[in-house]
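J.: Sequence:
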Amino acid sequence: MLALVNTPSAPIPVELREVAEPQPAADEAIVEVHAFSLNRGELALLASRPEGWRPGQDIAGVVVQAAADGSGPKEGTRVVALVDGAGWAQRVAAPTARMAALPDNVSFASAATLPVAGLTALRLVRLGGSLLGRRALITGAAGGVGRFAVQLAALAGAEVTGVVGRPERAIGLAERGATAVVTHIQEAEGVFDLILESVGGSSLAGAISKVAPGGTIAVFGNTSREETPLSFVNFVGHAGARLVAFFIYESGTPASMGVDLATLVSLVASGKLTPEIGLEDSWRNLSRAATALRDRDVNGKAVLHID
Numbered sequence: 378m379l380a381l382v383n384t385p386s387a388p389i390p391v392e393l394r395e396v397a398e399p400q401p402a403a404d405e406a407i408v409e410v411h412a413f414s415l416n417r418g419e420l421a422l423l424a425s426r427p428e429g430w431r432p433g434q435d436i437a438g439v440v441v442q443a444a445a446d447g448s449g450p451k452e453g454t455r456v457v458a459l460v461d462g463a464g465w466a467q468r469v470a471a472p473t474a475r476m477a478a479l480p481d482n483v484s485f486a487s488a489a490t491l492p493v494a495g496l497t498a499l500r501l502v503r504l505g506g507s508l509l510g511r512r513a514l515i516t517g518a519a520g521g522v523g524r525f526a527v528q529l530a531a532l533a534g535a536e537v538t539g540v541v542g543r544p545e546r547a548i549g550l551a552e553r554g555a556t557a558v559v560t561h562i563q564e565a566e567g568v569f570d571l572i573l574e575s576v577g578g579s580s581l582a583g584a585i586s587k588v589a590p591g592g593t594i595a596v597f598g599n600t601s602r603e604e605t606p607l608s609f610v611n612f613v614g615h616a617g618a619r620l621v622a623f624f625i626y627e628s629g630t631p632a633s634m635g636v637d638l639a640t641l642v643s644l645v646a647s648g649k650l651t652p653e654i655g656l657e658d659s660w661r662n663l664s665r666a667a668t669a670l671r672d673r674d675v676n677g678k679a680v681l682h683i684d
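Numbering (this note's numbering), first residue to last: 378 to 684.
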């Protein structure tokens with residue numbers, strides 16, 4: 378079968394090659410992949426991982442071989458799954474505990490946006506507890522996680538402010554539930570009960586100045602690559618506020634990920650959650666898509682189809 382493999386020493390960082398068929402564990406199904414989405418974290422790993430490494434976490438497709446232990450969907454079921462790697466391929470072994478079935482009205486492209494970005498957004502929003510009538514601030518609101526988080530926080534009843542890097546990146550956020558969009562965190566008015574922070578540096582420092590007493594700042598990235606000096610005085614006037622680090626693979630059991638994927642799929646199927654696909658292309662054009670994502674020319678997610 379064909380798969381995209383890492384080629385860190387070549388001008389193009391990935392290459393389509395013939396590889397061996399996946400060998401599933403007892404609790405894994407073989408999925409014929411129809412679409413996958415890109416994550417910035419995966420792209421960052423291409424330069425550091427060895428030749429032949431197989432990336433790919435977010436996949437959607439059809440089960441062609443059910444799990445040997447009887448768990449998960451049967452053969453022929455349309456599914457979305459979160460895999461540890463090797464998902465940029467025609468077929469992949471996917472753990473049934475991190476898999477959810479897809480109804481016919483959820484496309485493979487839409488489903489492929491959900492595993493990393495959707496699960497991250499859902500679990501980050503939950504860190505704020507009950508958000509009905511409260512205020513949420515989301516940095517990186519134009520990105521894959523951010524656009525899901527804006528929608529989910531608004532669905533939970535929050536008044537949502539998004540922070541984007543450039544004005545044109547704000548397109549569509551008001552329609553998804555943002556009541557305000559700014560281009561710098563210090564431009565956000567008032568204080569917030571939940572702040573989802575992915576930029577780091579001065580943005581994280583600004584988040585501390587914007588958190589309400591007893592509120593939560595959840596840190597899930599550092600796209601600026603800048604450090605943030607902190608001291609006790611930063612928290613004066615923000616008594617009881619907490620600073621939480623979030624990592625998707627450490628946020629719950631595999632089984633709970635499957636349950637949450639099913640929740641996200643249900644929200645998409647009912648029209649309550651809209652996956653934002655800013656770029657859609659053939660997997661043969663991955664290098665072009667990766668460049669657009671790195672340059673922040675993609676609002677939402679980049680999805681590639683296997684053809």
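Treat the hints with caution; some may be incorrect.
[Unchecked claim] Ranges of calculated distance between the beta carbons of each label pair, as one might list FRET restraints:
(1) E428 <-> G510: 46 to 56 Å
(2) I389 <-> R619: 36 to 46 Å
(3) A397 <-> G510: 17 to 27 Å
If you're looking for bench data, these hints aren't it; they were derived computationally from the structure. Beta carbons: idealized from backbone N, C-alpha and C, even for Gly.
J.: Given the hint of 36 to 46 Å, is the C-beta distance from I389 to R619 inside that range or not?
T.: Holds, since I389 and R619 (Cβ atoms, about 44 Å apart) stay within the stated range.
J.: For A397 and G510, compare the CB-CB distance with the range 17 to 27 Å and indicate the outcome.
T.: 55 Å, violated
J.: Regarding E428 and G510, is the given constraint of 46 to 56 Å on their beta-carbon distance met?
T.: 53 Å, holds
In terms of the numbered hints stated before, the structure departs from hint 3 and from no other.
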